[in-house]
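Participant: Single-letter residue listing:
Protein chains: 2
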Amino acid sequence: MKRRKFIKNLGIGAAAAATGLATRVAPARAQKKYNWKMVTTWPPHLPALGEGADLFAQWVSEMSNGRLNVTVYGGGELVPPLGVFDAVTQGTVEMGHSAAYYWVGKTPACQFFCAVPFGLNAQGMNAWILNGGGMKLWEEVYAPFNVKPLLGGNSGVQAGGWFNKEIKTIDDYKGLKMRIPGLGGKVVAKAGGNAVLVAGGEIFTNLDRGVIDATEWVGPYHDLKMGFYKAAKYYYWPGWHEPGTCIEITVGKKAWDSLPKDLQAIVEAAAYKSNIWMLGEFEAKNNAALQVLINKHKVSIKQFPPSVLKVLKSYAKEVIEEIVSKDPMSKKVYEAFLKFQNDVGEWAKYTEEQYQTFKYL
Amino acid sequence: MKRRKFIKNLGIGAAAAATGLATRVAPARAQKKYNWKMVTTWPPHLPALGEGADLFAQWVSEMSNGRLNVTVYGGGELVPPLGVFDAVTQGTVEMGHSAAYYWVGKTPACQFFCAVPFGLNAQGMNAWILNGGGMKLWEEVYAPFNVKPLLGGNSGVQAGGWFNKEIKTIDDYKGLKMRIPGLGGKVVAKAGGNAVLVAGGEIFTNLDRGVIDATEWVGPYHDLKMGFYKAAKYYYWPGWHEPGTCIEITVGKKAWDSLPKDLQAIVEAAAYKSNIWMLGEFEAKNNAALQVLINKHKVSIKQFPPSVLKVLKSYAKEVIEEIVSKDPMSKKVYEAFLKFQNDVGEWAKYTEEQYQTFKYL
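Protein chains in written order, with the numbering used here: chain L, 10 to 370; chain G, 10 to 370.
Derived from the structure by calculation, the hints contain no laboratory data. Please note: incorrect hints may appear among the correct ones.
Repeated chains share a single entry, so a pair holds when one copy, or any two copies, can fit it.
[Said to hold, decoys possible] Within a straight-line C-alpha distance of at most 30 angstroms, the following computed DSS-like cross-link-like pairs (lysine-lysine) qualify:
(1) Lys340 with Lys262
(2) Lys174 with Lys145
(3) Lys174 with Lys311
(4) Lys368 with Lys335
(5) Lys41 with Lys270
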């Protein structure tokens with residue numbers, strides 16, 4: 010075989026190398042292809058949440074020019090919806106797309122990276138986790154499980170949930186069987202309710218059959234698609250229990266360490282992009298869906314009385330105090346969270362709080 | 010030359026190709042190196058703003074494994090601080106990092122993609138531009154200039170600015186010489202003030218020498234570093250004129266079109282990352298800086314009286330009506346903006362507005 014013909018046969022990459030452009034070709038390690046699996050807690054392709062996972066995978070593929078391909082699985086397709094963290098920990102799959110408060114049985118501190126009743130909103134969670142030291146703590150909490158967390162989305166301030174009876178006083182929570190995860194669920198339990206955890210895909214049937222009396226999910230855009238208005242009379246606001254719920258993207262440590270630095274940077278940037286995209290998606294579509302719920306489906310929109318919120322807030326404080334008194338990691342995380350919350354809360358007095366009044370001037 | 014030795018000499022890329030992995034090697038076009046220049050409006054490496062440009066360049070370099078290298082220039086280093094858009098339009102440089110309201114002399118519609126008095130906050134601007142159709146309009150506005158816009162940062166709700174005399178009634182604006190750009194400047198002019206535009210690096214000297222009586226800039230984190238407390242007595246809130254100022258990253262059309270798709274995707278994701286990073290940086294650091302201004306530098310913090318804000322809001326409406334009556338593109342953009350603002354404003358009544366009251370429960 011003659012040299013010229015051999016070079017031609019090697020194709021473009023080799024030709025470039027042979028013509029003195031070798032230094033411009035990325036090293037072979039960077040050219041390796043990675044085919045990863047990402048399991049999620051959401052029904053397949055569920056708008057905003059499942060869609061966020063799909064887009065994350067698409068963006069990683071585009072940025073890496075197909076070197077890192079992430080195949081996304083809906084909840085239950087590969088592992089159960091709430092089996093995501095286990096699958097990533099065990100290395101069965103490389104990635105997960107879920108919400109941290111589901112893993113409270115493994116490490117209670119996880120909840121502070123997801124949703125804290127009367128805690129931070131999306132802007133605050135982003136600033137705390139990404140710029141205020143939260144990510145370092147989150148990594149510390151997940152390290153024993155060989156999982157690396159990334160912040161991959163946010164719901165914004167959620168709706169208060171769907172009820173078949175009115176909440177007029179704190180006593181109306183007594184005996185209420187409500188689907189509500191995380192710290193919010195513990196608060197409902199303290200108020201005498203029965204908090205249960207059901208994955209997204211099973212909520213409607215449970216509510217419709219009366220297995221549960223009430224449920225929270227996300228906000229109008231989502232809740233309309235989930236059809237909850239067919240099974241509940243009242244839609245309550247505000248979502249005191251989840252003022253800025255973070256969606257997490259998790260990566261198994263072994264998988265993460267196997268990636269070259271450029272692909273690690275691509276995965277991180279895709280998570281940032283997913284994060285801002287998802288919040289924008291909810292923001293852009295919630296009001297239109299709310300109007301459909303009100304005007305077309307005749308849903309009755311109700312506000313939690315401030316007197317009830319006041320009691321729920323005091324219960325939230327008690328719930329958190331109980332957790333941090335038993336778990337040193339939760340204590341460490343919550344102290345950092347609370348300091349940050351007080352800090353941005355003070356600044357908000359001069360800014361975001363005023364902004365919300367501009368429309369009434 | 011024997012085949013084996015020849016393969017070895019070709020280096021790793023070629024070896025991979027020769028051993029049947031040719032399809033795994035990215036095409037030669039994707040391996041080309043791009044060395045780009047990005048000019049900015051900010052003093053070099055200015056925290057948050059200049060730093061945001063520096064980090065954007067770093068992230069692009071990391072993700073592209075050095076295939077796209079962006080060299081960042083501070084305002085005045087290569088072109089004047091307010092010459093950024095011209096330089097990108099003319100193709101003198103490939104990228105710019107600035108704020109859209111500076112280009113009002115070229116196309117008045119640009120202002121709606123930056124800061125609208127009593128308009129949208131950061132969360133709203135992100136949702137409108139990235140998820141609510143705003144980006145398509147922004148691209149349309151910049152297309153005649155051969156510039157592609159990307160959303161690359163946000164200040165959050167700004168502070169109201171630095172004054173040497175108190176603002177007690179709307180009449181206190183009469184004759185006031187204030188550094189304030191964009192639509193906010195036009196509102197101040199309507200109130201009888203004299204709005205001037207001075208680039209960041211020149212404001213302190215102007216204020217200190219009495220060339221201007223007042224200035225707005227960003228918020229405590231930045232304003233502390235700019236040293237304005239040495240030249241002004243009062244620090245006013247809230248920043249009615251800039252409730253969520255967007256920082257833009259611009260790319261010349263020719264430069265953009267020359268990039269392979271993977272590098273385009275990397276540039277877009279780096280802009281998303283910069284956007285969320287910058288807002289988080291301001292959020293995480295504003296309150297600490299505010300406390301230094303109050304406690305160490307004895308700055309007097311003052312609130313604009315609601316009666317003054319009410320008049321300023323009516324002036325803002327007039328200012329915008331005058332612009333849209335003369336410029337069809339501004340009309341098209343503002344109508345979309347206003348529809349979105351009303352939409353998220355309605356949803357905020359049930360959510361973000363309530364969130365701001367949680368701390369008082």
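Participant: Can you list which hints this structure breaks, lowest number first?
Facilitator: Hint 2 is the one this structure does not satisfy, whereas the remaining hints hold.
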